Structures are given as C-alpha cells and as structure tokens.
Amino acid sequence: MQSVKFNEFGNPADVLRVEDVQQPEPGANQVLVKLRARSINPSDLLTVRGLYGALPKLPATPGLEGMGEVAAVGEGVKNLRPGQRVIPLGVQGTWQDYILAPSAQLIPIPDSISDQTAAQFVVNPLTAWIMTIEELTLKPGEWLLQTAAGSTLGRVVLQIARLRGFKTINVVRRREQVEELRTLGADEVICTADEDIVERVKEITGKAGLTKAIDAVGGQTGAAVMQALGRNGVLLVYGLLSMEPMPIDGGRMIFTTTTIRGFWLTEWLRSAAPERQQAVMTEMLRAMATDEIVPPVEAEYKLADVLAAVEHAERPGRSGKVLLVG
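The sequence shown begins at 2 in this note's numbering and counts up by one.
Please keep in mind that the hints were generated in silico from the structure rather than gathered at the bench. There's no promise every hint is true.
[Unchecked claim] Simulated DEER-style distance windows between Cβ atoms:
#	residue 1	residue 2	range
1	Leu-59	Met-2	29 to 39 Å
2	Glu-204	Arg-82	28 to 38 Å
3	Ser-115	Lys-58	16 to 26 Å
4	Ala-274	Gln-85	34 to 44 Å
5	Ala-305	Glu-245	33 to 43 Å
6	Glu-276	Lys-303	37 to 47 Å
7	Arg-82	Arg-271	41 to 51 Å
8	Glu-293	Ala-194	29 to 39 Å
9	Pro-25	Ile-255	24 to 34 Å
10	Glu-276	Glu-180	34 to 44 Å
11	Glu-293	Lys-203	43 to 53 Å
In this text the structure is predicted, and so the values were computed from the model without any measurement. We put the CB at the ideal spot given by N, CA and C, even for glycine.
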C-alpha cells in the first residue's frame, strides 16, 4: 500500500515522500480502514515542520483526519462491519491507503453525508462548533467576531451562525473576499487592507461593545481584536497563521476584565467528559446529514500527488479545503 512518510521535520516539499509499505492486519478490538478521503490542514503541515504542539515519533505519516470504509475487523469487534463508512477520531497518520484504529475511535457515517464532508468532520467543523456553541455559548442575536473568516473554518462558522442565530463580524485581508462572504451570510465584514478593526467594531456594536471573538491569526491582528473587546469580553485564540507573537495589553485586560485563552481541539478531546463529546458529535452529524453544515472543498488530489496538493493547500485565498482522495 502507499503511505506518505517523513523521516525528519522540515519543509513539506523537501521531506515528504510516498512509499510502498506493508498493509497492516487488525489485532484484537482493532479495525482496518481503507481510507477514501483525507484533509490537508495547517496542523498537518505544522507537524511536518516540527512546529505543532504534539509531534509524532519519526518516521511518521501525516494526517489528523479523514474517512474511509471498514476493510477488516479484529477479534472482539462487534459494532462495525466490512464496507461500513467510518471517521477515525484521534488517530494520527491518515495520509495513506489503510490505517489501523481502535474500534472505539471510529464514528459511523450516516448515508446522507458525502465522503468530502465526512473527511472534514474533525478539525474544522468540530473546532468551530465547540468554540462557538460549547465554549462561548453564543445565543441568538449575539455578536461574534472572527479573523481568517475566508478560511474553511470561517465559512463553517457562518453556517453555524445561520443555524443558531448569532451574528458575525468577519475579518479578512483582501477586498475581493468581502462580497463573497456577504453572499454566504456574513452580517458584517472588515477588510484590514483599508479598515481598522477597532474603529469598525465600535461602529457596528455601538455602546454594547464586542464580548465574544475567535482568532486564528495572532500577531497585530490578534492584538487589534483584543483592543476591540468590550467589558468582560472573551477572546479564544486557536491559530497563529501570522507566525508572529501577539502583543498583550495587560492594563486593558485588568480594567475591562477581558479574558484571552487558547483553544486546542486535541486538549478538548482529551479532557471533555465522554457524554459531552458524544452530544456534540451527534449534533454535528445531524447538521451535516441535513446539509446545514457543509465544509467547502476547493480541490482533490491523488495520494501520489501529495506535493502538488500541499502546495495548493498553502496558497492564499482558497475558497475551501484541499483533499487527498483514493
């Protein structure tokens, strides 16, 4: 079988290789999954570069999410059958033809959810849902500001906002993204090419101020979002796309009692109660099954073309996720 490998951390174009490896066999309580689609996420590429919060032992195969079908089951597996479509949860190494997973870490996929949507279930939709509904508990009519609003996760947030009734202020870098996001349901869009985040937030929210925000950029953009927070405001930081440190105004935090904290899906999956996780995933699958949440896809590449796929995934201005298929 084919497997994408890296033997050292570094630039993906320099260290990724497609190799032929032995197909594994499932042991007790394990399932062999034939993968059909896999996402390329920033977290995958940070892992390859050695910059992510949790790094694998080398050599390693990238990939934190994907979907496939059950190829074989090991002794003791009663709840899954060959041919059934599944999503591996918390299983590293999806950029290959087959993967072994504990049966308890596989989520059956409803028939009405496409392969492309299922392949993106974990990293973006789950992160977006947990931040907005579970962590910030956004209610109908409340404002949420999000940076990197043109990203796949940002577009999923717009779908969740439409479903749950909260309003969005969306920060983008390029003027051409403004009208595109408005057609997707964005209430307000701020373009940092020619607009100031703090001033525009004041215009939009008035005396009420901004109390809830999520940031994937960091740097000066993240600092500006912090300055735009009103009293008791909360900012969740879940990405660092700028790769720049974010200046923190300690005095403002004190006198407006604002909160800035990080969000990492890996830690949430590690610490949240099982019943809470089950409730969130059930609700997410229901929304995907009814097409209320459909993460966008821009392009698909074969596993053998992983270098071209990664190059595409890192281009600015994408309108959806790049998938590795087949």
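Each hint, compared with the structure:
Our hint of 29 to 39 Å for Leu-59 and Met-2 is violated, since their Cβ atoms are close to 20 Å apart. For the pair Glu-204 and Arg-82, the beta carbons lie near 57 Å from each other, so the given range of 28 to 38 Å is not met. Judged by the Cβ atoms, the range 16 to 26 Å given for Ser-115 and Lys-58 is violated: they are separated by roughly 34 Å. As the Cβ distance of Ala-274 to Gln-85 is approximately 27 Å, the hint placing it in 34 to 44 Å is violated.
For Ala-305 and Glu-245, the hinted distance range of 33 to 43 Å is satisfied, since their beta carbons lie about 35 Å from each other. The hinted window of 37 to 47 Å between Glu-276 and Lys-303 holds, with their beta carbons roughly 40 Å apart. For the pair Arg-82 and Arg-271, the supplied restraint of 41 to 51 Å is violated, since their beta-carbon distance comes to about 29 Å. Taking 29 to 39 Å as the suggested C-beta distance range, the pair Glu-293 and Ala-194 conforms, at roughly 32 Å.
A C-beta distance of roughly 54 Å is found between Pro-25 and Ile-255, which places it outside the suggested range of 24 to 34 Å. Here the CB-CB span from Glu-276 to Glu-180 is close to 42 Å, well matched to the stated 34 to 44 Å. As the Cβ distance of Glu-293 to Lys-203 is approximately 33 Å, the hint placing it in 43 to 53 Å is violated.
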